[in-house]
Structures are given as C-alpha cells and as structure tokens.
Amino acid sequence: METELNEQTPSATDGKQLRVKIFGVGTAGIAIAEQMATSGFAGAQFTAVNADATSKTTIAEQIHLETKVLRGLGTGGDPERGCKLAEDHFEQIKRSCADVDVVFIVAGLGGGVGSGASPVLARAARASGALVLAFISLPFECEGNRRQQQAQQALDHLKLACDGVLCLPNQKAFKLLDENVSFAESFRASVRLLIEGAMGVWRLMKLRGIVEIHFEELSTVLRERHGESCFATVEAAGENRVDELLGKIYAHPLLDGVKALEESATVLVSILGGPDLSMKDVNRVMQQVNVHAPRARVIMGGAVDGSFAGRLAMTIIATSPRRQEVEKPAPEPAKVVEIEAPEVAVEFCGELLPTESKPAGRASTPVVTTAPALNLDQREEIISKHTGKPVRLRKADEPRMRQITLPLDIVNKGRFDKSEPTIHKGEDLDLPTYIRRGVALN
Amino acid sequence: MVGLEIGTSKVCVVVGEMNDEGALNIIGVGQSKSRGVRKGEIVDTRAVEEDVRHALTEAEHMADVEVRSVYLGVSGGHIRGFNNRGVHPVVSADREISDFDVQDVVKNAKAINLPQDNTVVHAIRQHFLVDGQDGVKNPVGMLGARLEVDVHVIHGHLNRLQNAIRVVKGMQLEVEEVVFSGLASSLAVLTPTEKELGALVIDMGGGTTNYVVYSGGVIKHSGVIAVGGDHVTNDLAFGLKVPQSRADQLKIENGNALLNESIAGEKMKITSDLGLPLNTINISHLRRIMSLRLEETFQLIAQDVEQAGLLDYIRAGVFLCGGGSRVPEVTRLAEQILQLPVCIGRTTNISGLSSSMDKPELATAIGLVRFASFKTRQRDARPSFTQNFKTFFGKLIPR
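These protein sequence lines are chains S and A, in that order. My numbering applies: residue 1 is where the first sequence begins, and numbers increase by one. My numbering applies: residue 443 is where the second sequence begins, and numbers increase by one.
For the record, the hints were derived by calculation from the structure and aren't laboratory data. Hints may contain errors.
Derived lysine-lysine pairs resembling DSS-like cross-links, with alpha carbons at most 30 Å apart [what the hints assert, rightly or not]:
1) Lys-579(A) <-> Lys-413(S)
2) Lys-413(S) <-> Lys-452(A)
3) Lys-418(S) <-> Lys-552(A)
4) Lys-579(A) <-> Lys-552(A)
5) Lys-637(A) <-> Lys-611(A)
6) Lys-418(S) <-> Lys-452(A)
7) Lys-549(A) <-> Lys-418(S)
8) Lys-413(S) <-> Lys-709(A)
9) Lys-418(S) <-> Lys-611(A)
10) Lys-552(A) <-> Lys-413(S)
11) Lys-552(A) <-> Lys-425(S)
Quick list of simulated restraints, FRET-style, between CB atoms [to be verified]:
12) Met-710(A) <-> His-424(S): 52 to 58 Å
13) Arg-297(S) <-> Asn-555(A): 54 to 60 Å
14) Arg-297(S) <-> Asn-721(A): 38 to 44 Å
To spell it out: a stretch of chain A is covered by chain S in this simulated footprint if at least three of its residues, at any positions, have a beta carbon under 8 Å from a beta carbon of chain S; those stretches are [to be verified]:
15) 480-492
16) 579-585
17) 630-641
18) 660-672
Computed from a predicted structure; not experimentally measured. In this text, a Cβ means the ideal position worked out from N, Cα and C, and glycines have one as well.
Kindly generate the complete structure, drawing on both the sequences and the hints.
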C-alpha cells in the first residue's frame, strides 16, 4: 500500500509515511467508506464496523460488534446499545488500530452504531496512540428530532474523544440541490461533500507542503469546543482556475455564501496546485479569504503536487463561535410538508425511524391545536399542493429573508439586573466570570 | 475633620483631629450597613440618608463632637483618570519663573476637553518641566523660557457626583470637598517612601474596585472597575443556587481566593434560617467561582496598568485594601497575576483608635480624613486675607 502512494506522489512526500486507517462506522459510515475506497484515498486501510451481521460490504476488514443477545440484528437505532457493544469489543478495536498513525472515523450520526460506537472507537484509537479525526454527517431535519438529539449528543461525545471533528449537517447539503431532486440523490450529495472534505484533509496531511500546516494546527482548529466548524473543498482546472475556484467557494453551501467565513474566528486554508502554481494565484486566493474573514486568525498552507498540473484545489476549514442555530427545525410541520415515502429511507439507511407524525391519528384528537407558524416556503408548498400548480408568493427579486433567532439571555444577573451593565471590551462583567469563560463546575 | 464614605456595602464615618504639631489623630468611627448603593452609585436616596444618619450618630457619640461638614468619598464606573500636560511660556524679561507662571501653567493643564456632562474631580499636579527638563518639583525662581506641567485629571459624570452631594447636603451637612475613593485609600495606606518608589493601591470595595498608581512621589494613573465583592456574592448565588444573603455569608465564612487541591470534592450542607436543609454545595465550586472572579478583576487591572506602561515602575509593591482584601490568600492570587509583591495595606502613620486602624475596609474613610488634614495644612500655610489683616494689626496694637 505504502509503495503505491510513493509512486503516486513522489515529489511531495518523503521519508516517513503516515499510516492512515479509515473506519466506516454504522451503515451510513460503511456506505461512505466504500465510496472513499474507490475515490483516491490510496494508501489507506479501510475497516468496516457494524453491529448488523447481515449487512454486506465490499470492505475487506470488518469488525462485527455482535453479541448473542442481539442475534446479529443491529442496535435498533439505540446509541446506548451501540456504545455498550463497542465497549465490549474495545480491545479488538484497539488491536486493529495498532501501528496506525492517523485514524479517520467516518459515520452518519443519529443511528445506533454511528452515534454509539464512534466515540468509543475514537477512545480506543487514541489509547493505541493514533491521532483521531472524525468525519461525520448529521441527519436531515426530516429524519425526526430523536435522531437529531442523538446525533447532537454523539457529536458532543466525539468532540471530547477526538483530535478533530469535521461535521456536515445534511440539511446544509440539501441547499445545494434542486428542491425536486430525488431522495436517494440528496443522500449521495451529502456523502460526496463529506468525501470531498475528507479528501481535503487527507491531502493536507499526506502532501508535504511548501508552507506546511502542522497536524497540531489542524486539530486546534477542529477541536474548538465552543465552536462549530464548517469546511469546503473545491477544485478547478483550466485557464481561469483561480476565478472558477473563488466562484465555487462563494457558492459553497457549507460556507453559506462566505457568510460562515465572516463570522469565523479561525480559518485554515490549504491550497494545492501543480508545479505551475504561481505566487500571483496564491495571493489572489488569500486576498479574497482575508477580505471575507477580516476578524479571523488565518492559517495558510500551500503544497505542490506533480499530478496537479493545470489544476488547483483548495480546502477551507472555518471555526466560528457557536451561535443559536439560525433555522430551527420546524415544529411539526411534517403534517403539511410532504415527506417522500419513508420506506425509501429505510431502504437507504436501514436505521431510519418510522416518521413520528401520522396525519390520520392527528385528525381524531379532540384538541384543535393552533396552526403552526409557517414560513413563506411552507406556505407556497401548501398552496401549491391544494391548487395543484406551483405558486410563488415571493416576488422574483426579493431576497430570501431569514429570521434570526436572538440568543436567549438565560443568565439572570441577580442584583445587577436593573443596574447599568458594566461593559468592558464587549464583555458584560456583571455576568459570572465562570459562565463567560465557559468553566464547567462538574 | 470628618471623612464620609458612602460605599456599596457600608457607610463609614471617621472623625479625626489635628493636634498642635499637625499630627493626625482618629477619635471616632461610625459604620452602618449600606442598602441604597449599587456599584458605588446611589440608587435609593431615602435608604442612603438613613444609613448615613446611623453611621454619623455613632461616630459623633464616639468622638463626642457634632459634625457639620464632611469630605465625601465618591466612586463609580463613570470615574476615569488620565494625564494631561499644560504649557506656558515664561514672558518676564529676566526669564525667572514666578508664582504667577506656575498658577497659569496649572490652569492651562486643567483646561481639558471633557465630555459635556463630565466634571473634574481632581487635577493633581505631577512634575514640572522647565525647557523640557523633567522632574522639577518646584520651578519658582528657576530660569527658563517654557514651563510645562503634567497633571493627573480624575473626572466623572457631573449628575452622578451631584447625587451623592445632594444626599449629604439634604441632611444639613456641608460637603467640603469631593474626593475619589481610590485616591483617599492610597493616602491612608502609603508612606512617602512607597509613593516615591512606586506603588499600586487596589481598593477592593463592595461595588467597585478602585486603583491608583504612584511613581516618583506622584499619582501616575488611576481607574475604576465597577466590579467588586457584590459581584462575587452574585456569582456565588447564581452558581451555587442559594439566596444572595446566604451567598454573602458563604463568601465570608468559606471564601478563598485560591483553589486548593485538598478541598476537592468536599461538600457542605447548608440550611435555611429556620434550620431546614436547603441543599448541599461543593466547596471547590465555591472556591472556583470566587477565584475566577477575583482573578479576572486583577487581570483587568494588570492589563490597564500595563497599557499605561507603569507595571515596571511599581517597585514598592501592591497594596490591597477594602473589604475584598479580607478574602484569605487574596494576596497570593494577586501576586500570581500581577507578578509583584503584594501585601494588605495598613494605615500605620496615623495615631488614634488602633482597633480601627487595622481594618483594611476603613482605609478609604481614614484616607478622607488624611486628605482633609492636607487641605487644612495647605490652607494654614497660605494665610488668608483676614488672617493677614489680623496679624498686621496685632503687631500694631500692643496687648
């Protein structure tokens, strides 16, 4: 395996090779890992981890987290079971991580194995001395709030256990797509985005850059506990590759049209080009990044690879302080928003819960609930459903308005509630210091 | 001479007298809990009036005097200090600097561009410069073409200062002068040697933390952070989920500025006033909350003093006073952050009731009396017109 990689990139790597192992955890994780195996992660070893013995995979090395109790039937979407099973196999996992420098964990959070086993896997890998990066996707909003909650919890656990977590909320990937795209296609799109991101990090580590980004820098960016990180990897080729590259960055759904950059505290940029990569190109790209992220600490890396002649690739990882999620999951709009047959989901993911909303059951309840607050899109959808033709309530040129949720001031200021706040460099000193500094008391 | 401090946690009156040699003697102290002050500023006039009355009566009894006028200590987040330089060309033919030149240059230095609502509380003379030569203490009689002076100006919001004055005046008391509390505290705890060497005085009050930096015998920097012991109490009440009064008690009984490994996991049951169990608190949480707040306060001061470029000039060390300095091990915490020797400021060079001298929380009020004694001495040194008149005629008329 290693010799293969040496052949592929002789110019950019030298001496010591990083041994990378990619773990696909859970059904979704394995699906992603299978795709990764065929898309240029040469030199990496792949391992599939699942509780479901019946699932088929093309990955050679497998760890079955099965016990007799479950008769190889999976975890039933329960992360606690997944966690328990993984703990039972802790030693086995640890052994499989021996002699590995970097472990990638690829998983879709929200289900049983992905959410439950990934943190344990991360711990086992850390225990065997490897660095751990997790590439995970969060479920679509329509997958129900139980999965969302499980995913969020698992994400918190992972952040504690890993050196770095790259997280892709599927809902964001959805924005990239046409609204009428098929259900399966939207999952494929999110998988593609995740793989792109993993590819960016992979290159960053594998190719010895001219301006190098150390792994430590990467993990500090990714480990930011009070923040959210988003990432984008884009590639462009041809004469106008710089313009094309910048255009793609601006349009990238995960960066919210560079809005994510503006809010970010740290931005890591890695540029990869062929031997013909000019200083002018690098300058132009970095200038744009600096313009859009004026407040951020920018970490820049550059590498040259022989196989990239005439091409240019760029990976951006931006970390911003955690804010209130801009778009709240719509409260039970499932009744009106059409969900394309949940059966498809079961086929695809294997672990999707049956959707909680059952319109028929609702109708018989004597209590008439107030109509849920609907946004413009939902209203359009309802009207178009009833009339049978597409409706546009919004004027064509009107910008898409988004209501921002203001942060909830939960901290009571006690006796200083009514007095003039003591503001020092933007900080309200009346709030307890330990809260402002995020010191946990337990 | 009477000093009155209307603090956030207590109202304090100190009565002093000067003996024939000009030495100061404290003869009466009166204290009362303060209820109408938040962060050093009055929010409830009625309550303040009552509290001042209490403290005043106590002090009057102890000293056996009737108080007519006071020196009033003020504080609050609105008070700021900065340095300003005044310039004056010496115009006399022989280039000798006269008293009038000195008066003029000080007047120029005091002419500052302040926000409209603000007023100068103090303009303290630092050093004179004669033709650019620094460090001149008294330029009268020297020769030079250009006289400059540095003053440290402490200013505050006029209306908020007036509020305190009005309350006192409403009680048929005269306010001789308004004094910045931090300045008063520094007068109480520092000796001339320490002022010369360079010292930082931090007055850790209930609602505000005032600090003053001395170097070369003069005030170089001053500031107020509207964070004090009240904030510690409030943090504790929030973090430990206990009532404010209870948090205050916990702070006093179990407080410590440093985290200690030995207390990790130690629990304490607390009961309500009726003896019913309220809840169990973790002592290490209490310490951590306190420690973080105090640490932050010191850090803010350290940043500010550092910015003023004075951290290296503090050679006599840091002096803590006010109620906050009573927290165990607060000096060690301050040492860690400021990287300077820290001690509790003691009012040493004033005679009188020694029991009250030892209390760091009385430093401000004692300092006010000290300020008063300086003023009186100045006034005596410059005899007024009537006194001149008397002495003149006294010489003429044989007794």
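Taking the hints in turn, this is what the structure says about them:
1. Proposed proximity of Lys-579(A) and Lys-413(S) is contradicted: the alpha carbons are some 49 Å apart, above 30 Å.
2. Under the criterion of a C-alpha separation no larger than 30 Å, the hint pairing Lys-413(S) with Lys-452(A) is consistent with the structure, at around 22 Å.
3. Among the hinted pairs, Lys-418(S) with Lys-552(A) is inconsistent with the structure: their alpha-carbon atoms are about 36 Å apart, more than 30 Å.
4. Of the supplied pair hints, the one linking Lys-579(A) and Lys-552(A) holds, its CA atoms being roughly 18 Å apart against a limit of 30 Å.
5. At most 30 Å may separate the alpha-carbon atoms for a hinted pair to count; Lys-637(A) and Lys-611(A) exceed this at roughly 34 Å.
6. As the CA atoms of Lys-418(S) and Lys-452(A) are separated by approximately 20 Å, the hinted pair is consistent with the 30 Å bound.
7. Using a Cα cut-off of 30 Å, the hinted pair Lys-549(A) and Lys-418(S) is violated, with the two alpha carbons roughly 40 Å apart.
8. With a C-alpha separation of about 26 Å, the suggested pairing of Lys-413(S) with Lys-709(A) holds against the 30 Å cut-off.
9. A distance of roughly 27 Å separates the Cα atoms of Lys-418(S) and Lys-611(A); the hinted pair therefore holds under the 30 Å criterion.
10. Taking the CA atoms of Lys-552(A) and Lys-413(S), the gap is about 39 Å. The hint is violated against a cut of 30 Å.
11. Restraint check for Lys-552(A) and Lys-425(S): the C-alpha separation of about 29 Å stays at or below 30 Å, so the hint holds.
12. Restraint check, Met-710(A) to His-424(S): a C-beta distance of roughly 33 Å breaks the suggested window 52 to 58 Å.
13. Checked against the hint of 54 to 60 Å, the pair Arg-297(S) and Asn-555(A) fails, with Cβ atoms roughly 37 Å apart.
14. Range check, Arg-297(S) to Asn-721(A): about 43 Å between beta-carbon atoms, so the 38 to 44 Å window is met.
15. Three residues within the 8 Å Cβ limit are the bar, and the region 480-492 of chain A against chain S gives 3, so the coverage statement holds.
16. Note: the region 579-585 of chain A has 0 residues with beta-carbon separation from chain S under 8 Å; the three-residue rule is not met and the coverage is violated.
17. Counting residues of the region 630-641 of chain A whose C-beta lies closer than 8 Å to any C-beta of chain S gives 0; at least three are required, and the coverage claim is violated.
18. Counting residues of the region 660-672 of chain A whose C-beta lies closer than 8 Å to any C-beta of chain S gives 4; at least three are required, and the coverage claim holds.
Hints 1, 3, 5, 7, 10, 12, 13, 16 and 17, counting from the list given before, are not met by this structure.
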